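J.: Each chain, letter by letter, is given below.
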Amino acid sequence: MDPLIYVLDVLVFAGIYALLALSLNLEFGFTGLANFGKVAFFMAGAYTYAVLANLGVPYWLTLLAGAVVAGILGAVISLPALRLREDYLAIVTISFGEILRLIVKAEDQLAGGVHGIVVPSACKFLGDSPREVGLANVLLVYALLAVVFLGLQLLANTPYGRVLRGIREDEVAVAAVGKNTVFYKMQVLALGSGIAGLAGGLFAQYLRYIEPYMFMPLVTFLVWIMLMLGGAGNNVGVLAGALVVELLNRGTRIAKDYLTLPVDPNNLQFILFGLLIVIILIYRPQGLIREGPMKTVARERATKWLSSQ
Amino acid sequence: MENVGQVILNALITSSIYLLAGTGLTLTFGLSRFPNFTYAEFITLGAYAGFIFLVQPEGSFLLALLTAAVIAGLVSVLSYSLVFRPLVERRASLVLLMVASIGLGYAIRYTIAEIWSWSSLSYQTVWAAYEVGGIRVTSLWVWIILTAVVAGVALHFFLTRTKTGKAIRAIANNPELASVTGINRERVILLAWFIGAALAGLAGVFRAADTRLFPMLGWDILLPVFAATVLGGIGSFYGLILASLILGFAENFGVIFLSGVGLSTEYRMAIAFLILIIVLLVRPKGIAG
Numbered sequence: 001m002d003p004l005i006y007v008l009d010v011l012v013f014a015g016i017y018a019l020l021a022l023s024l025n026l027e028f029g030f031t032g033l034a035n036f037g038k039v040a041f042f043m044a045g046a047y048t049y050a051v052l053a054n055l056g057v058p059y060w061l062t063l064l065a066g067a068v069v070a071g072i073l074g075a076v077i078s079l080p081a082l083r084l085r086e087d088y089l090a091i092v093t094i095s096f097g098e099i100l101r102l103i104v105k106a107e108d109q110l111a112g113g114v115h116g117i118v119v120p121s122a123c124k125f126l127g128d129s130p131r132e133v134g135l136a137n138v139l140l141v142y143a144l145l146a147v148v149f150l151g152l153q154l155l156a157n158t159p160y161g162r163v164l165r166g167i168r169e170d171e172v173a174v175a176a177v178g179k180n181t182v183f184y185k186m187q188v189l190a191l192g193s194g195i196a197g198l199a200g201g202l203f204a205q206y207l208r209y210i211e212p213y214m215f216m217p218l219v220t221f222l223v224w225i226m227l228m229l230g231g232a233g234n235n236v237g238v239l240a241g242a243l244v245v246e247l248l249n250r251g252t253r254i255a256k257d258y259l260t261l262p263v264d265p266n267n268l269q270f271i272l273f274g275l276l277i278v279i280i281l282i283y284r285p286q287g288l289i290r291e292g293p294m295k296t297v298a299r300e301r302a303t304k305w306l307s308s309q
Numbered sequence: 001m002e003n004v005g006q007v008i009l010n011a012l013i014t015s016s017i018y019l020l021a022g023t024g025l026t027l028t029f030g031l032s033r034f035p036n037f038t039y040a041e042f043i044t045l046g047a048y049a050g051f052i053f054l055v056q057p058e059g060s061f062l063l064a065l066l067t068a069a070v071i072a073g074l075v076s077v078l079s080y081s082l083v084f085r086p087l088v089e090r091r092a093s094l095v096l097l098m099v100a101s102i103g104l105g106y107a108i109r110y111t112i113a114e115i116w117s118w119s120s121l122s123y124q125t126v127w128a129a130y131e132v133g134g135i136r137v138t139s140l141w142v143w144i145i146l147t148a149v150v151a152g153v154a155l156h157f158f159l160t161r162t163k164t165g166k167a168i169r170a171i172a173n174n175p176e177l178a179s180v181t182g183i184n185r186e187r188v189i190l191l192a193w194f195i196g197a198a199l200a201g202l203a204g205v206f207r208a209a210d211t212r213l214f215p216m217l218g219w220d221i222l223l224p225v226f227a228a229t230v231l232g233g234i235g236s237f238y239g240l241i242l243a244s245l246i247l248g249f250a251e252n253f254g255v256i257f258l259s260g261v262g263l264s265t266e267y268r269m270a271i272a273f274l275i276l277i278i279v280l281l282v283r284p285k286g287i288a289g
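From first to last, the protein sequence lines stand for chains A and B.
Residue numbering for the first sequence follows our numbering, beginning at 1 and increasing consecutively.
Residue numbering for the second sequence follows our numbering, beginning at 1 and increasing consecutively.
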């Protein structure tokens with residue numbers, strides 16, 4: 001295989017996972033909403049893309065549509081879920097992912113059912129050769145990732161972001177100062193799901209073929225590992241977490257080809273991932289990079305004043 | 001037209017499996033206060049432990065059940081001591097405990113797959129079948145329903161008549177007060193984790209004997225079992241009995257309805273989910289709440 005294409009492939013997947021991890025960070029890291037159905041919104045974006053692109057809708061519009069559909073689903077699922085305790089929210093979101101996969105599997109006239117669906121690629125703007133398509137994908141994914149990352153970084157340091165962290169730390173206190181916390185949480189789930197939907201669209205158009213088995217709860221779990229490894233509440237940490245998990249993922253696939261292990265490397269990988277998350281949670285729950293302090297004007301002034309003393 | 005008696009029997013079988021699988025979940029949910037996703041793997045582990053004795057048709061089913069219960073129970077106790085107790089001691093939040101339970105679950109599931117492979121297996125036991133008033137009954141189904149009834153009655157007496165059983169209820173109700181009265185909290189919690197997972201292991205053997213054996217077995221029934229525990233009211237054993245019956249009947253009669261209106265019977269699992277959503281909207285504390 002062309003080594004350049006392999007590197008581009010790793011980059012594309014790392015970028016798509018980074019989008020998912022950032023969206024979970026917005027929901028859980030900043031706001032404290034435990035979304036265990038991330039894969040559902042990823043899947044919604046991917047299938048929206050697949051269906052619309054096959055109808056001939058231009059790709060930038062399909063990507064946007066995937067994000068919007070997933071975002072609306074996020075808002076809808078938040079209606080029953082947000083008034084609930086966090087353990088119920090987890091059960092509802094995880095069930096939602098299972099049901100969505102069930103629907104796509106059962107309604108085979110919609111998008112091929114278990115046989116999957118072929119998806120047209122969006123990335124022909126550099127040319128048709130595999131290298132050009134690979135590079136175009138990297139450009140597209142990282143341009144969108146940069147926009148999402150900067151947007152979330154800004155959001156995290158605005159008064160809006162402070163309300164979200166406030167909800168995470170003490171929802172009653174935030175409600176007591178007159179904030180409609182349920183409405184905030186609904187916006188967060190809609191935005192987070194929209195980002196996941198965008199990632200889904202990118203995933204579908206990159207692979208050019210999707211099927212329900214690509215959207216198992218395992219995807220959600222991988223995103224949680226990225227978040228926990230990188231450090232919940234820290235966007236930079238989460239990007240690092242996404243990259244590390246994707247590299248580990250590739251590492252075991254390479255090991256499969258070059259090493260003769262007594263165990264199946266794929267099984268071994270998930271046994272290790274499972275144990276890894278347990279170990280992180282016990283010994284380093286803050287992740288690789290700790291959540292930083294908020295950047296506010298008052299804080300900046302205080303720092304300046306302290307350093308001038 | 002479907003035979004109504006047969007559907008009722010099927011519903012009772014489904015309910016029995018949900019009750020056995022959900023008992024531990026609701027007990028430990030009440031005690032340790034987080035939904036333990038590793039329960040899926042306790043169910044699967046029980047099913048595979050039973051398989052050791054049921055590779056041959058003449059293997060002892062009773063021995064398979066006992067082994068399943070003991071192995072699932074021991075792994076559950078180990079998981080509490082090595083993973084969940086350290087996390088609770090470090091004041092991990094509910095969400096982090098859930099994430100840990102999912103992570104541990106994957107580690108166990110992929111270990112099972114490594115040992116027995118991902119392909120599905122089946123028990124070799126041959127079950128006697130009878131025809132009772134137009135209803136087909138197999139000795140396996142008698143086993144399942146009887147075990148659930150016996151476990152239910154035994155647990156009722158255990159929780160109400162024995163000191164340990166009362167201690168379990170006391171800790172679930174008010175942990176501080178329970179500690180003040182001199183209850184050995186750790187011992188009681190360990191016992192509840194053992195009994196609960198042992199019953200889940202039995203559920204796994206029954207499910208595998210009734211359908212087939214594969215590493216996703218436990219995960220595939222975990223969501224309806226969660227629905228049953230929430231519907232019953234978390235921590236309530238009696239609520240769970242009623243909820244298991246409701247879900248068992250809703251699923252088995254719902255499947256007939258689904259094929260009646262031309263929908264795929266694959267939506268069977270969605271029925272439990274729909275009930276869960278309605279319960280959470282209307283009465284989030286469940287039947288017993």
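The hints are simulated quantities; they were obtained by calculation from the structure and are not laboratory data.
Since the model is a prediction, treat every value here as computed from it, not as a measurement.
Possibly wrong hints are sitting among the right ones.
[Said to hold, decoys possible] With the Cβ distance kept under 7 Å, some of the chain A side facing chain B (calculated, not the full set): (1) Glu86; (2) Asp87; (3) Tyr88; (4) Ala90; (5) Ile99; (6) Ala106; (7) Val114; (8) His115; (9) Tyr209; (10) Gly274; (11) Ile277; (12) Ile279; (13) Leu281.
Idealized CB from N, CA, C, for every residue including glycine.
J.: State for each hint whether it applies.
T.: Each hint tested on the structure:
Satisfaction of the interface hint for Glu86 (chain A) is found here, the shortest Cβ-Cβ separation to chain B being roughly 6 Å, below the 7 Å cut-off. Because the smallest distance between the Cβ of Asp87 (chain A) and any Cβ of chain B comes to about 5 Å, under 7 Å, the interface hint for this residue holds. The restraint placing Tyr88 (chain A) at the interface with chain B holds, with a minimum CB-CB distance near 6 Å, inside the 7 Å limit. Among the interface hints, the one on Ala90 (chain A) holds; its C-beta lies about 6 Å from the nearest C-beta in chain B, closer than the 7 Å criterion.
A least Cβ separation of about 5 Å between Ile99 (chain A) and chain B falls short of the 7 Å threshold, and the interface hint therefore holds. Here the hint on Ala106 (chain A) is kept, as its CB sits about 4 Å from the closest CB of chain B, short of 7 Å. Interface restraint check for Val114 (chain A): the shortest CB-CB distance to chain B comes to about 10 Å, outside 7 Å, so the restraint is violated. For the restraint placing His115 (chain A) at the interface with chain B, the shortest Cβ-Cβ distance is roughly 15 Å, beyond the 7 Å limit, so the hint is violated.
Taken as an interface hint, Tyr209 (chain A) does not check out: its beta carbon lies about 22 Å from the nearest beta carbon of chain B, beyond 7 Å. With its C-beta approaching chain B no nearer than about 3 Å, Gly274 (chain A) sits inside the 7 Å limit, and its interface hint holds. This hint holds: Ile277 (chain A) has a C-beta 4 Å from the nearest C-beta of chain B, less than the 7 Å allowed. Taken as an interface hint, Ile279 (chain A) does not check out: its beta carbon lies about 9 Å from the nearest beta carbon of chain B, beyond 7 Å.
A cut of 7 Å between beta carbons decides the hint on Leu281 (chain A): the least distance to chain B is about 5 Å, and the hint holds.
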